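Chemist: Whenever a hint applies, use it, and build me the whole structure from the sequences.
Protein chains: 2
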Amino acid sequence: MKFTVQVKVMPLKELLDPQGKAVLGGLSNLGLKGVEEVRIGKHITLQVDAPSAEEAKKIAEEASKKLLANPVMEYYEISI
Amino acid sequence: MKFTVQVKVMPLKELLDPQGKAVLGGLSNLGLKGVEEVRIGKHITLQVDAPSAEEAKKIAEEASKKLLANPVMEYYEISI
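Taken in sequence, the protein lines are chains A and H. As numbered in the numbering used here, residues 1 to 80 make up the first sequence, in order. As numbered in the numbering used here, residues 101 to 180 make up the second sequence, in order.
Just so you know, these hints were derived from the structure itself, not from any lab. A couple of the hints might just be wrong.
[Stated by the list, open to error] Here are the simulated lysine to aspartate or glutamate pairs, DMTMM-like style, with alpha carbons at most 20 Å apart:
{"no.": "1", "chain 1": "H", "residue 1": "LYS102", "chain 2": "A", "residue 2": "GLU37"}
{"no.": "2", "chain 1": "A", "residue 1": "LYS42", "chain 2": "H", "residue 2": "ASP117"}
{"no.": "3", "chain 1": "H", "residue 1": "LYS108", "chain 2": "A", "residue 2": "GLU77"}
{"no.": "4", "chain 1": "A", "residue 1": "LYS57", "chain 2": "H", "residue 2": "GLU136"}
{"no.": "5", "chain 1": "H", "residue 1": "LYS133", "chain 2": "A", "residue 2": "GLU54"}
{"no.": "6", "chain 1": "H", "residue 1": "LYS121", "chain 2": "A", "residue 2": "ASP49"}
{"no.": "7", "chain 1": "A", "residue 1": "LYS65", "chain 2": "H", "residue 2": "GLU136"}
Bear in mind the structure is a predicted one, so any value in this text is a computation, not a measurement.
Modeler: Shown next, in the form of structure tokens:
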């Protein structure tokens, strides 16, 4: 069976996010009010062929650990 | 009130995603089986100060249109 697995990879909360800071500045230059913080990460959609949803999640977990996320700077969340 | 708004910005389905293709190749080089397609986009977390969740969503919608997503190549989804 095919599963679509969503992986969210974000910069760790303890770290600065210069890209987010730049976007926050851009939004305020555009006159948009109300936004107080911006953090930018990656969103990865995987099409996984696996016998069960659990198995698909395991594959995504392994992919995240091995390639998608850098644990020194990022954390990841997986959802199906 | 403060709301955390999640914005997902992905390449349009009709377009090639070379970054995703590269990651797919990387996963297969690492010996990970089962992944058939990878698409990579951005995940943006906004901290919004707004009187209501609906208002916060509107602000995120405007930010997405004006700055976060390029409608020629990307679509976005907003969730609170």
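Chemist: Now look at each hint and say whether the structure bears it out.
Modeler: Now for the hints, and whether the structure bears them out:
1. H:LYS102 with A:GLU37: Judged against 20 Å, a Cα distance of about 11 Å means the pair holds.
2. A:LYS42 with H:ASP117: Holds - the C-alpha atoms of ASP117 (chain H) and LYS42 (chain A) are around 14 Å apart, at most 20 Å.
3. H:LYS108 with A:GLU77: holds (14 Å)
4. A:LYS57 with H:GLU136: Distance ~14 Å between LYS57 (chain A) and GLU136 (chain H) Cα, so the pair holds.
5. H:LYS133 with A:GLU54: holds (15 Å)
6. H:LYS121 with A:ASP49: holds (17 Å)
7. A:LYS65 with H:GLU136: holds (18 Å)
The structure shown violates none of the earlier numbered hints.
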